[in-house]
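If you read the protein sequences in the order shown, they are chains P and B.
Numbering-wise, the working numbering puts 28 at position 28 of the first sequence, and it's gapless, one number per residue.
Numbering-wise, the working numbering puts 208 at position 208 of the second sequence, and it's gapless, one number per residue.
Derived by calculation from the structure, the hints in this document are not laboratory data.
These figures come from a predicted structure and were not determined experimentally.
Treat the hints with caution; some may be incorrect.
Remember, identical chains collapse to one label, so a pair may be satisfied in a single copy or spanning two.
Unchecked claim - Here are the simulated lysine-lysine pairs, BS3-like style, with alpha carbons at most 27 Å apart:
#1 Lys11 with Lys335
#2 Lys11 with Lys145
#3 Lys11 with Lys192
#4 Lys202 with Lys11
#5 Lys192 with Lys266
#6 Lys11 with Lys259
#7 Lys202 with Lys192
#8 Lys266 with Lys37
#9 Lys126 with Lys259
#10 Lys259 with Lys335
#11 Lys37 with Lys145
#12 Lys11 with Lys37
#13 Lys11 with Lys76
#14 Lys145 with Lys259
#15 Lys48 with Lys335
#16 Lys76 with Lys48
There are 2 protein chains.
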Amino acid sequence: MPELRHDPIQKRWVIISTERSRRPSDFKVTSPPPDDKFCPFCEGNEDKTPLEIYSIRRDGTLPNTPGWEVRVVPNKFPALMIEGEHDRAGVGLYDRMNGIGAHEVIIEIPDHGSSMADRPLENLVKVFTVYKNRLIDLIKDRRFKYILIFKNHGRVAGASLSHPHTQIIATPVTPRTVAVELESARAHYQLKERCIFCDIIKQEIEAGDRIICIDENYVAIAPYASRHPFEAFVVPRAHRHDFGESTEEEIYQLAVMMKDLLVRLKLSLGDPPYNFLFHTAPNVIPQPRRPGYWETLSLDWHWHIEVLPRLTRTAGFEWGTGFYINPTRPEDAAKFLREVEV
Amino acid sequence: MPELRHDPIQKRWVIISTERSRRPSDFKVTSPPPDDKFCPFCEGNEDKTPLEIYSIRRDGTLPNTPGWEVRVVPNKFPALMIEGEHDRAGVGLYDRMNGIGAHEVIIEIPDHGSSMADRPLENLVKVFTVYKNRLIDLIKDRRFKYILIFKNHGRVAGASLSHPHTQIIATPVTPRTVAVELESARAHYQLKERCIFCDIIKQEIEAGDRIICIDENYVAIAPYASRHPFEAFVVPRAHRHDFGESTEEEIYQLAVMMKDLLVRLKLSLGDPPYNFLFHTAPNVIPQPRRPGYWETLSLDWHWHIEVLPRLTRTAGFEWGTGFYINPTRPEDAAKFLREVEV
């Protein structure tokens, strides 16, 4: 059973994941692993993954056989486990709980070599629809506080298999980064009765110099305080707090915007490694110790996607301080991406 | 002039470092840079660095000529600049200030190929003495809130030059990671009138299973909630809040402990890439809005070093949540390192 451990000084949860544990001696060889010879995510290899949870597939084809377009399976080496109770406990000065959660893999397409930027819009619409469907299914489990949808593209960005896939992890605590954003948004709303994200979108559209691409429905912005060169923040222009409540039309529009952005990154930067991740509404669980805590969530929170190209390395400075050195002005990055001929 | 920008949602400062800026097109080639052909840090190349700030050198040799043992120079591509004022300002919803600070490089030894683990203790004592001397010099500048000493060993850990060196950055804000630790330590002290680090050291020595190496003066612990496999926390066993107040004897004892730890990492893991960084007392600046804020610093804070081997990659999960998946139990890592025959 994986374990969540809390550090009382750095106020941080860490997952000690014994399921994917490596023996100390496994770390000795640090050369990159060989490229996939055999790919368990390719069509025809359905029996090499755990049994599928969900799929979009051709009529008449059976689960765990060929014929799928998007396929969801449990992660074979899950960071968190679906079975069990939290068993929260103190360990002297520390705190721990069982690593309860879910860890799924969304295989985005049967074609092994296809990059999300190159695929037909139709595929992206299906993939984003699956994100939504898995989110609203997982959020029913009241043991989970947050559902994180994230994609690692390229080995430098942490992808261990090159076949295009996205991961979903349901966590038993609200992750710190999300908690900080929730608190900031709440404080802003309490003072001003306005959504901080709506305020930022308005300010950015007026300024214009950090806009990467924009249409009537979504906007991709180079954040004012970008941590990484070419970082992007993709957000619905209208106030929406929960990605899981997106309509079919909104999902389609999101796919249009994400494809536009990913094509710009690919054409201008040569298929860079990247991560993207959703910051959506946390699971709305009544909190006896914080009455009213969730009541204004639909007013003060605004879901968004962070897209993080991984073009620079993080070093001691970033690890030691929690702040970042970015060698590229966000205004320059936005201009460069804006001017790509798509 | 570099710029510090603040994100009001994530509550994070970022340095936009125009001095080390790269044009967007420079990112296109993502192959690793060629290995150093010419090394500006080697003896004989003193004229290829900015003028030296400090050195330990043989009697009778002149600054910026051969004959040095440890040499400190300004970083040629500084993330922060020494000249100027903060010029704090709001930019709509955001905040900015000039990137005032210092960025120095400590060249640890003339020998290009020497790893810290392999060097005579005498060299480490000199290097750590230089850390202390630079710290107590930089902290005199009241524009600086924090002095960060950190080392990147190996390209994966962010070292752009392979010649052994350490960096010092003086920052105009207290970095978030350090601020969180300061607050936790303060809250613990206010409640209990005990140092949280002293409490943890006591608990860890009693438990024993996360101790990597220990002597009368220092202890290296695998933190209970380690983010990375083989992470270590090196700390003086006696209560000391400021590395800059270390005596000659304490510096010698620290060099003994750090050499012991680095040799264990090297022998067992094959010279892994790593970062280490000091968390010492911040610059004690009277804070008109927080009277009494610093008064108990010498009681509630305890300086320490984080040693972070970089054996796993951070991916979307870590970036999106601020928590970490560690595939190795800290107890297993500690046992493995403890049992290395040094």
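Evaluation of the provided hints:
In this assembly of identical chains, the alpha carbons of Lys11 and Lys335 lie at most 27 Å apart only when taken from different copies (25 Å versus 38 Å within one copy). In this homomeric assembly, Lys11 and Lys145 come within 27 Å of each other (Cα to Cα) both inside a single copy, at 17 Å, and across copies, at 22 Å. Proximity of Lys11 and Lys192 under a CA criterion of 27 Å is satisfied inter-copy only: 18 Å between copies versus 29 Å inside one chain copy. In this homomeric assembly, Lys202 and Lys11 come within 27 Å of each other (Cα to Cα) only across copies, at 20 Å, whereas the closest approach inside a single copy is 34 Å.
In this assembly of identical chains, Lys192 and Lys266 lie within 27 Å of each other by CA distance neither inside one copy nor across copies; the values are 40 Å within and 55 Å between. In this assembly of identical chains, the alpha carbons of Lys11 and Lys259 never lie at most 27 Å apart, being 37 Å within a copy and 29 Å across copies at closest. Taking CA atoms no more than 27 Å apart as the test, Lys202 paired with Lys192 passes inside one copy only; the shortest distance there is 15 Å, against 47 Å between copies. In this assembly of identical chains, the alpha carbons of Lys266 and Lys37 lie at most 27 Å apart only when taken from the same copy (25 Å versus 32 Å across copies).
In this homomeric assembly, Lys126 and Lys259 come within 27 Å of each other (Cα to Cα) only inside a single copy, at 13 Å, whereas the closest approach across copies is 55 Å. Proximity of Lys259 to Lys335 under the C-alpha cut-off of 27 Å is restricted to the intra-copy arrangement: shortest distance 18 Å within a copy versus 48 Å between copies. Within a single copy, Lys37 and Lys145 get their C-alpha atoms no closer than 37 Å, and across copies no closer than 52 Å, so neither meets the 27 Å cut-off. With identical chains, the CA atoms of Lys11 and Lys37 are never at most 27 Å apart, being 41 Å at best within one copy and 44 Å at best between copies.
For a Cα distance limit of 27 Å, the shortest separation of Lys11 from Lys76 qualifies neither inside one copy, at 30 Å, nor across copies, at 36 Å. When the C-alpha separation of Lys145 and Lys259 is checked against a cutoff of 27 Å, the pair qualifies neither within a copy, at 30 Å, nor between copies, at 43 Å. For a Cα distance limit of 27 Å, the shortest separation of Lys48 from Lys335 qualifies neither inside one copy, at 45 Å, nor across copies, at 35 Å. Taking the shortest Cα distances, Lys76 and Lys48 sit within 27 Å of each other inside one copy (10 Å), while across copies they are farther apart (53 Å).
Consistency with the previously given hints fails for numbers 5, 6, 11, 12, 13, 14 and 15, ordered from lowest to highest.
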